[in-house]
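Trainee: Given next are the chains, with one letter for each unit.
Number of protein chains: 2
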Amino acid sequence: MEGAEATRILMGVNESTIKGYPHASISSSGAFDWTIQKIVRSNTSGFKLLFLHVQVPDEDGFDDMDSLYASPEDFKNMKHRNRTRGLHLLEYFVNRCHEIGVACEAWMKKGDPKEVICHEVKRVQPDLLVVGSRGLGPFQRVFVGTVSEFCQKHAECPVISIKRRADETPQDPVDD
Amino acid sequence: MEGAEATRILMGVNESTIKGYPHASISSSGAFDWTIQKIVRSNTSGFKLLFLHVQVPDEDGFDDMDSLYASPEDFKNMKHRNRTRGLHLLEYFVNRCHEIGVACEAWMKKGDPKEVICHEVKRVQPDLLVVGSRGLGPFQRVFVGTVSEFCQKHAECPVISIKRRADETPQDPVDD
Chain G
0 MEGAEATRIL
10 MGVNESTIKG
20 YPHASISSSG
30 AFDWTIQKIV
40 RSNTSGFKLL
50 FLHVQVPDED
60 GFDDMDSLYA
70 SPEDFKNMKH
80 RNRTRGLHLL
90 EYFVNRCHEI
100 GVACEAWMKK
110 GDPKEVICHE
120 VKRVQPDLLV
130 VGSRGLGPFQ
140 RVFVGTVSEF
150 CQKHAECPVI
160 SIKRRADETP
170 QDPVDD
Chain D
0 MEGAEATRIL
10 MGVNESTIKG
20 YPHASISSSG
30 AFDWTIQKIV
40 RSNTSGFKLL
50 FLHVQVPDED
60 GFDDMDSLYA
70 SPEDFKNMKH
80 RNRTRGLHLL
90 EYFVNRCHEI
100 GVACEAWMKK
110 GDPKEVICHE
120 VKRVQPDLLV
130 VGSRGLGPFQ
140 RVFVGTVSEF
150 CQKHAECPVI
160 SIKRRADETP
170 QDPVDD
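Here the protein sequences line up with chains G and D, keeping their order. In terms of numbering that gives the first Met the number 0, the first sequence opens at residue 0 and continues consecutively. In terms of numbering that gives the first Met the number 0, the second sequence opens at residue 0 and continues consecutively.
Pulled out of the complex, with its shape left as it was, chain G reads as follows:
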């Protein structure tokens, strides 16, 4: 098994919808922690994490799609004065990977998150897709849709959906 190519794990990550909550949503952050603790463990050289953040069009005026970030320096060298929340989100995960010592890449796309994630799976062919999920009940799901259910059906690779812990659910469970 030594010398085999690293297991490439694509993670769909998004920003928190809670006002004042910094950067990563509770479910994205939980999915990352779970992946590090339960899958990567001490075997940091065996894995590469790929972070994909999909921004819904017209939510932010953002024109830095399709750039690739692989180290904290990549962010510092950026010309942009206004680092958007999306960039901060990716920076958060890239920084955490560098602290832990696991290789990573991060990028952004625009579009419908569930469609874009499945499209990117087809393009980059990861070994595994990890998505966070709010763990909503059927009634709440009707209104917000769930990216994780769509990806489990349509993504062309194995998918793990990590539900948010019950004790981390905010007052309005649709928030994240």
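Honestly, I wouldn't trust all of these hints.
A pair holds if it fits inside one copy or across any two, identical chains being indistinguishable in the list.
To be verified - Calculated pairs, SDA-like style, for lysine to any residue (alpha carbon to alpha carbon, straight line, at most 25 Å):
1. Lys162 to Ser70
2. Lys121 to Glu167
3. Lys121 to Gly100
4. Lys152 to Tyr91
5. Lys108 to Glu72
For the record, the hints were derived by calculation from the structure and aren't laboratory data.
Position chain D against the provided structure of chain G, taking the given hints into account.
Mentor: Same frame as chain G, now just chain D:
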């Protein structure tokens, strides 16, 4: 991360339905290989695999439920003269784990596989459930049901469903 408790992965495994095909179904065997290659990798001490085989009642006259097997010796010491196919199935996976050097346990239960798997998840609280899937289309699924879809919805832990590779699909895709 060193010294942390091993990640416990529960695998639902079943026998092949193909006449003359030895022991493990194509999808169970594929899910095992995937888990070793992509998740466990060289970090054999970081993981413990738990194999659960659910036998549908009245399919076999089998009375050795609830026994626990953790090494090849456990099988040799058995009093039973007729090793059933179910036992051979578990023996296959336990032997493979011992060759690889990863800790394991295996046991059998009777019942409806999807219900029993979710019940056992609640009881043993694994970190992850891995199930193989035939990757059937919607038309075929109506007739055979899918354990993996049910578990993804109902199991109280993260679930990965590993689809059978297209080039391993037997003549009748409902076979496995």
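Trainee: Now tell me, hint by hint, if it's right for this structure.
Mentor: Here is what the structure says about each hint:
For the homomeric pair Lys162 and Ser70, neither the shortest alpha-carbon distance inside one copy (28 Å) nor that between copies (34 Å) is at most 25 Å. In this assembly of identical chains, Lys121 and Glu167 lie within 25 Å of each other by CA distance solely across copies; the values are 20 Å between and 32 Å within a copy. In the homo-oligomer, the alpha carbons of Lys121 and Gly100 never lie at most 25 Å apart, since the shortest distance is 27 Å inside one protomer and 34 Å across protomers. Within a single copy, Lys152 and Tyr91 get their C-alpha atoms no closer than 29 Å, and across copies no closer than 30 Å, so neither meets the 25 Å cut-off.
Taking identical chains as interchangeable, the C-alpha atoms of Lys108 and Glu72 lie at most 25 Å apart only when both belong to the same chain, with a minimum of 21 Å there against 54 Å between chains.
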